[in-house]
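Participant: Construct all of the structure, not just a fragment, from the sequences and the given hints.
Chains A and B supply the protein sequences, listed in that same order.
Reminder that position 287 of the first sequence reads as 287 in our numbering, one-by-one numbering, no gaps.
To convert, count from 1 in the second sequence and add 368; that's our numbering.
There is no bait here: all hints are sound.
Below 20 angstroms or equal to it, Euclidean Cα-Cα: the simulated EDC-like pairs (lysine to aspartate or glutamate) are: (1) A:84 - A:59; (2) A:284 - B:453; (3) B:502 - A:11; (4) A:92 - A:49; (5) A:205 - B:453.
The set of hints was computed from the structure by calculation and includes no laboratory data.
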Amino acid sequence: MFQIIIKEFKEFLRDKTNLFFFLLFPVVLVFLLGNLLTSMDKADEVIGEIKAQYIVQTEDQRANIAIESFVKAIGDDSLLVLEKANDLETSKKLVGTDKLTAVVVFRGDPLEINIYEGSNQIKNRTVSAIMNSFVLTNKSISSVMKIAPAVILSGTSGNGEYVKQKDLGVNRSMIDYYAVSMLAMISFMSVMVGAGAFVGERQNKTINRLIIAPQNRVQLFLQKILGMVPQVIIQIMVIMLISVFVFKAHYAATFTENLYLFFFFFVITLAMVSFGAVVGLLIKANPMALLMPFLWLMMFFGGTYSKEVNIKGLTQAMPIYQIQQAAFDLAIFGRYHKVNTIILIAGIIIIIMLTTGALLFYKKQEER
Amino acid sequence: MSYYVSVNNLTKKYGELCAVDNLSFSVRKGEIFGLLGPNGAGKSTTLSVLTTLAEFYKGEIRVDGLDIIKDKMKIKQLIGMVPQDIAVYDHLNALENVKFFASLYGLRGDKLTQSAKEALEFVGLTDRQTMKPKQMSGGMRRRLNIACGIAHAPKLIVMDEPTVGVDAQSREHILNSIKILKDRGATVIYTSHYMQEVEEICDRIAIIDKGHMVACGTKTELVSLVTDVQSLYIESRIPSTFNIEEFKKKNELMPDIKAISINESTFRIDLPIGQNSISKIIEQFISLGLPIISINSEVPNLDTMFLTLTGHEMR
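Facilitator: As structure tokens, this is what we get:
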């Protein structure tokens, strides 16, 4: 079993094209896009004042305390000006004409938060990030409420002693953006690693030697996929380590979150490798020529190369965009929901693709 | 007689195209069996089916008494394939390539390394074992291709045109290697475009054309299908007093001679194939005082035989 894994790994390390595309190229892109093109990207520009309104439609006492303490914590010096409103329809009209960035509605028990956003994407993301910190605040208040409700209800707390906003303490730059987006890029480009593994076997006719060997074909297929796991681990690790230690990029705040981010990209990459393997068993063409145009278009419209590319409806429909957003959610805000959803989807893709690939390889006849 | 490989009524179709049609042949243990035929004759398809690379539509194949459908894995273990195309990994060196393919047959550890090195030594690549295929000449790559197919010491070696595009030296080396494999007890099934190669190394030959078996047997048996005569041409200086009719009459009485004709100073003597009466004939010439200037023998070769049997040339 290890013979195939070792063989695959040796081939990966000795193939200069692989090393260029899957190790050097993304690292160089992190550096180039993150440093040299920073001035061309608007992400570091001042986004100005964000005016938003909030409407409270919940009777829950704890939620009301949390909301008020949250608004108070934001204060007057914040770039977010949060005003209380009562009429949702009027507020929505103001948002529609961009006189307001957003209107936030707190309703129900348990508390639900609805954000009606305007057209400025960057300001929308800021509001979303701030409301995320409110969710943490609310959770903290709920926790304190269970332990010492008197403290909360007496109003002696809520704005400092028990509830503090998490300070991420990180001055993020474009390097951070590209450190994540390049990982997403490399995950998707790994579809070519999977495809190439089988197209390569077919092109140099070694697939016939594999087929006639007294080996279980399903095991052979899985061993080949398993043989690509070390290279997947290496390519993600190398990009993450070089980004952090050489380019001083920031991923997540904690080691655990970074480990989870690694796992997240590992699972996606493995899903892409498995998908590529199926493609490689089905097509005869050069996988790079066939898949690269689709990948580049998806990455372009998905904002991999510039977060300024945002075509409503199209950008959000790009899988790579969703993966980047999930990674940012985890890295910046510590949110796991999107990441977990994508891991689940990737896991399902891996199972489907491995089953399909194993079946195709099992049925495979000679290659001429 | 027991056969190591027997193929009975094999039919293989690619869609509507019938690549092999009701083909039957048998291979004896320890012999080199040649499959001869033009492009598209069905040679490679037959080998593909035989090596379990391709499924077949109809027929029965047995190797070492095992059924290819029921005992596929056992048969795979017995077979070593040397494909027509060089099938090696460019990023692995010669030794790594041989070791990898031998490992697929269950060899491990020291035994694996030893077998791989022996296979490389056998094909004359011991001093090239750290070279990658791209650094090798075409002939060396061909030999590496063979080493990858034989390192696990298979009992049945299937070689599909292993000498295509190689230089004379490598071809000679490959052909000698095949003879040595036979001497070691392996059964070899061999296909080639080169008639001379097949004539030189094969014990028996099957001629296939358009998926059908045209003929099968030893070279002598095959040639005898189209003619039973070989001709001997002896050039001499015939004295004016020499009585040709008397000479013909005298020699035609010899049991091995079928006919004699004379054209100017050259005698043509037809003999049955397989008979060697040359020394007796030469003695006759000398006793009659006929000096011999040159002797040429014309035996119908496989090319002639193929043309006669199929109505078209090999290539």
